[in-house]
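Colleague: Model the full structure from these sequences, guided by the hints.
This is what each chain is made of:
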Amino acid sequence: NAGVMQNPRHLVRRRGQEARLRCSPVKGHSHVYWYRQLPEEGLKFMVYLQKENIIDESGMPKERFSAEFPKEGPSILRIQQVVRGDSAAYFCASSRLASYNEQFFGPGTRLTVL
Amino acid sequence: GIQVEQSPPDLILQEGANSTLRCNFSDSVNNLQWFHQNPWGQLINLFYIPSGTKQNGRLSATTVATERYSLLYISSSQTTDSGVYFCAGPSGGYQKVTFGTGTKLQVIP
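In order, the protein sequences belong to chains A and B. Heads up, the first sequence is in the working numbering, so the first residue is 1 and it goes up one at a time. Heads up, the second sequence is in the working numbering, so the first residue is 1001 and it goes up one at a time.
Misleading hints may appear alongside valid ones.
What the hints assert, rightly or not - For lysine to any residue, the following SDA-like pairs were computed, each having C-alpha atoms within a straight-line distance of at most 20 Å: (1) A:Lys44 x B:Gly1001; (2) B:Lys1054 x A:Phe104; (3) A:Lys27 x A:Asn101; (4) B:Lys1104 x A:Arg14; (5) A:Lys44 x B:Ile1044; (6) A:Lys44 x A:Phe104; (7) A:Lys44 x B:Leu1046; (8) B:Lys1104 x A:Arg22; (9) A:Lys71 x A:Leu38; (10) B:Lys1054 x A:Asn101.
Said to hold, decoys possible - Quick look at which bits of chain A chain B covers, simulated, 3 or more residues with Cβ under 8 Å: (11) 41 to 55; (12) 104 to 111.
Said to hold, decoys possible - Per label pair, the in silico range of CB-to-CB distance: (13) A:Asn7 x B:Thr1101: 25 to 35 Å; (14) B:Asn1018 x A:Glu41: 35 to 45 Å; (15) A:Arg110 x B:Leu1071: 30 to 40 Å; (16) A:Lys62 x B:Gln1106: 36 to 46 Å; (17) B:Asn1024 x A:Pro39: 18 to 28 Å; (18) B:Asn1045 x A:Gln50: 13 to 23 Å.
If you are wondering where the hints come from, they were derived from the structure by calculation, not from laboratory data. Glycine included, each C-beta is placed from N, C-alpha and C at the ideal position.
Modeller: So, in structure tokens, the structure goes:
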């Protein structure tokens, strides 16, 4: 079984550009989570989505960041008008069940903003 | 949400040595995971351990949910064990997970 897939693995953007990060969950998983890891820090929760619904976005910055998980296709984390402080590793995880369940993580996308 | 503390923050081991990493929670947890982030940044699931003890090769983990802690044991450490070890538990509803600050392990030959 394929695990969580993320692409691109590395992304370089200049300030003001848009960054799109994609995540394909484990087959059969309908719950997706995004986390951000700043350099030398732990992972911080950003958003939890189910198919076509945002369930919890309490960890997401109010501006410039958005996430979606459409009925078909991968989950997308979108960052508009990136700034240097957005440079981080962004991890996606998925789980199978609705109640708290083991989360499986992807390899992450490392975003560098020049 | 819960607070997660890990100790020690840094650890240097001679290859072949054993170690115990600890994770304390501010509130009781009904589920807990341990992860290893290798030097290349990949996050690897080690254990999903709500309670009790599990073993996987040279690694084992014990969670005592009622006392709000979990332990990760590494025996006969190898250089490939180097990296950062995180524990994580649920925080609030909707499966939000809170990560600890991590233990940075360096195993030297």
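Colleague: Are the hints correct? Go through all of them and say.
Modeller: Now the hints, each set against the structure:
no.: 1; hint: A:Lys44 x B:Gly1001; result: 12 Å, holds
no.: 2; hint: B:Lys1054 x A:Phe104; result: 18 Å, holds
no.: 3; hint: A:Lys27 x A:Asn101; result: 15 Å, holds
no.: 4; hint: B:Lys1104 x A:Arg14; result: 32 Å, violated
no.: 5; hint: A:Lys44 x B:Ile1044; result: 16 Å, holds
no.: 6; hint: A:Lys44 x A:Phe104; result: 15 Å, holds
no.: 7; hint: A:Lys44 x B:Leu1046; result: 19 Å, holds
no.: 8; hint: B:Lys1104 x A:Arg22; result: 29 Å, violated
no.: 9; hint: A:Lys71 x A:Leu38; result: 30 Å, violated
no.: 10; hint: B:Lys1054 x A:Asn101; result: 17 Å, holds
no.: 11; hint: 41 to 55; result: holds (count 7)
no.: 12; hint: 104 to 111; result: holds (count 5)
no.: 13; hint: A:Asn7 x B:Thr1101: 25 to 35 Å; result: 29 Å, holds
no.: 14; hint: B:Asn1018 x A:Glu41: 35 to 45 Å; result: 28 Å, violated
no.: 15; hint: A:Arg110 x B:Leu1071: 30 to 40 Å; result: 31 Å, holds
no.: 16; hint: A:Lys62 x B:Gln1106: 36 to 46 Å; result: 39 Å, holds
no.: 17; hint: B:Asn1024 x A:Pro39: 18 to 28 Å; result: 25 Å, holds
no.: 18; hint: B:Asn1045 x A:Gln50: 13 to 23 Å; result: 21 Å, holds
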